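Required output: the full structure, derived from the provided sequences and hints.
Protein chains: 4
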Amino acid sequence: MVDINNKEEKIIEAAIQVFKEKGIEKTKVSDIVKLAGIAQGTFYLYFPSKLSVMPAIAEVMVKKIMIEVNNEVDENASISVQLTQIVNAIFRFTKEYREVLALIYAGLSTDDNLKKWETIYDAFYSWMSGFLSNAKLKGEIRNSVQPERASKLMIAFIEAVAEQIYLYDAVSNEEEKMQKLELIMFLEHALGIQK
Amino acid sequence: MVDINNKEEKIIEAAIQVFKEKGIEKTKVSDIVKLAGIAQGTFYLYFPSKLSVMPAIAEVMVKKIMIEVNNEVDENASISVQLTQIVNAIFRFTKEYREVLALIYAGLSTDDNLKKWETIYDAFYSWMSGFLSNAKLKGEIRNSVQPERASKLMIAFIEAVAEQIYLYDAVSNEEEKMQKLELIMFLEHALGIQK
Amino acid sequence: MVDINNKEEKIIEAAIQVFKEKGIEKTKVSDIVKLAGIAQGTFYLYFPSKLSVMPAIAEVMVKKIMIEVNNEVDENASISVQLTQIVNAIFRFTKEYREVLALIYAGLSTDDNLKKWETIYDAFYSWMSGFLSNAKLKGEIRNSVQPERASKLMIAFIEAVAEQIYLYDAVSNEEEKMQKLELIMFLEHALGIQK
Amino acid sequence: MVDINNKEEKIIEAAIQVFKEKGIEKTKVSDIVKLAGIAQGTFYLYFPSKLSVMPAIAEVMVKKIMIEVNNEVDENASISVQLTQIVNAIFRFTKEYREVLALIYAGLSTDDNLKKWETIYDAFYSWMSGFLSNAKLKGEIRNSVQPERASKLMIAFIEAVAEQIYLYDAVSNEEEKMQKLELIMFLEHALGIQK
DNA sequence: CATGAATGAGCCTTCATTCAT
DNA sequence: CATGAATGAAGGCTCATTCAT
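Chains as they are written, first to last, in UniProt numbering: chain L, 1 to 195; chain C, 1 to 195; chain S, 1 to 195; chain A, 1 to 195.
Note that these hints are calculated values from the structure, not bench results. Since the structure is predicted, the reported quantities are computational estimates derived from the model, not experimental observations. Do not rely on the hints blindly, as some may be mistaken.
As the list claims (entries may be wrong) - Straight-line C-alpha distance at most 16 Å; calculated EDC-like pairs for lysine to aspartate or glutamate:
1. C:K50 x L:E25
2. C:K95 x C:E21
3. L:K20 x L:D31
4. C:K177 x L:E148
Said to hold, decoys possible - So the derived list for chain S, only partly shown, Cβ under 10 Å to chain A, looks like this:
5. A150
6. K152
7. F157
Stated by the list, open to error - Pairwise CB distance ranges (calculated):
8. S:K7 x L:A123: 44 to 52 Å
9. A:R92 x S:N134: 29 to 37 Å
10. C:E13 x S:K95: 52 to 60 Å
11. C:K34 x A:A123: 33 to 41 Å
Every residue, glycine too, gets a C-beta built ideally from N, C-alpha and C.
Below you can see the structure in the form of structure tokens.
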């Protein structure tokens, strides 16, 4: 009874794995099922098409990043330190899963029915919104910050920079570090954090 | 001099058009050549493969966005107004070409040899960097801003938010406006603009 | 005694139904079992393969047509009237079950081992043969008619015309009626019926 | 310039050949193209799908049968002899191409858009109609025969009996001959031929 | 007897690319 | 330079059948 949806999870994990290695175009369903240890036809019992795994992958990705962030952020640290921790967590995650992330963007825009993206991110937005609300209550950030909207901005911002660095640029470690610092400074000013 | 590379341009424009309408996966070379009004084989006289149009498209896209920005930004306006103008231009452009942009990301990451993205954006980064340097010289933004790096951050940021709104969210006009205002406020604080 | 072979009958009836609606190619075993309200595997407890339902269907079809004919034909009517009744019955039946009939032909010729067609029609041939013998004894049809053979001719003939009208032609009601009259006249002359 | 549509004809001929040998289900497009000596993809330049060859085959079949009939019938012979010749031609043809004929029925009813059957047969109907009109003018058949309609009846009748013998029954040569004679007698009476 | 999840061989079709004209 | 008919490798998907429960 333990492995309800066992196969579905296996497929998703295998898909993430293969996509990371081969890219979306070059990944065959046969690759996925081979790694998942199931038959070709079984795939289609759980997903109607190759691309339809994408939303499921996205969901898993969001869960992963939230775990990452939760683990990294020290609740007792200062807002400034916490901000750095958030950036670190997102950067680490983006670096680890850069290919998959690119795939999700491609896959989601490729497949038709998918404006699910927003829904998928909801949990992360909520978390970030709570983080900002809290900081605002404590007077650690400027009062004009609107948590709901700012949370979306922040996530979009940090991820975009991380992707710029890890997906599109080929940047030295040194430069990577400098960019990250510039980003954090940007965010501190944007949020009106007083150090 | 007029129709030097006439066919090549036709192909690029046709490709942009078809990609906008059908997405990268579903676009066939035959669609492109049909719209370009040339023969199937002719395509391969100008581009070695389907994906190799991507960098060319990207280049055109960057040209387009810079024209857009240059047209929008009033050199005599205040920095704050100019910032809004930049955001407006990028938003308008992203809305118009959202599919193509997604395709470029996907296409560039799909194609193997291409980390050209950076190179392609160089002109835009330079422009933005100049913009920031200038503002810094005039003391309109905080002195700690590092123009080279900040320009990348800003472009990534504004584009990411625009994409979030136009690609992934299905957002009301009202909410779109509010998000844009929040973004501008964010940027003003980030850059330390004094109003 | 009531639901002996209950499931088998359910399968056959469901198969007829689905075949009528979807055609032989597009009918999946899963469609049949769904309509029959049984599990996929159960199908194979009663039939060794998909095509092997065909003879069973054919048998049911023949039973149906004989019921139709028996109900229609008035034993006390004149031979001429009876002939019309036979034609009417076969026409009605063909119209109702045209798709299934086409399927039976296709199915029987598709499946390898089956020249069972003849056997299946035997009962109908016998009935018609008896009908002709009887008429011959009573001197209502020409004496040279050979009942055994003529019965096959008649059935083939009437069915063929009905199929021509209902399967292949898209014919007006008026024309349908005229064709039927021409057919009956044909048969009357062929059998040498004196009116 | 001679081989315009060369490939299309090759495909049709190959399809007829392979269908005759393997049946419709078991025929792969790859079998057809192999025999036609062309590439797999080329098939789809001429036909949109596997089943769409069917109408083309049907057309060829009708042409073939008309050639057969025209060759067999002696214009100067008596109507009775000519009738026998028509039956012989159709029987011979049906025997030769029984599998293909069965396939056409199956194929036409399988594919959707096809009530083309009637159109395809038009030429044959016309020929037979002319044959009957002529005989009627010469007073060789009963005056009440309506050539247009009777031509359809006759073709349906003769073909149906031939198919019954060659497709569905497994009949001895002797019985085959007897059935044919019974059929001719049937037709003679039906048409009111005076010998 | 009944189930239905799992299987996997197999085929149709697509489409980027080539090359003879 | 231009053409577009021809190519054929490649892979997504189906579905009849099986078998452990």
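Taking the hints in turn, this is what the structure says about them:
1. C:K50 x L:E25: Measuring from Cα to Cα gives roughly 13 Å; hence the hint holds.
2. C:K95 x C:E21: Within the cut-off at roughly 14 Å; holds.
3. L:K20 x L:D31: 12 Å, holds
4. C:K177 x L:E148: Holds, because 14 Å separates the two Cα atoms, which is no more than 16 Å.
5. A150: Where the cut-off is 10 Å and the nearest Cβ of chain A is about 6 Å from S:A150, the hint holds.
6. K152: With Cβ-Cβ at 6 Å, under 10 Å, it holds.
7. F157: Status holds, d = 5 Å.
8. S:K7 x L:A123: 44 to 52 Å: 49 Å, holds
9. A:R92 x S:N134: 29 to 37 Å: 35 Å, holds
10. C:E13 x S:K95: 52 to 60 Å: 58 Å, holds
11. C:K34 x A:A123: 33 to 41 Å: For A:A123 against C:K34, whose Cβ atoms are near 38 Å apart, the range 33 to 41 Å holds.
Violated hints for the displayed structure: none, as all numbered hints are satisfied.
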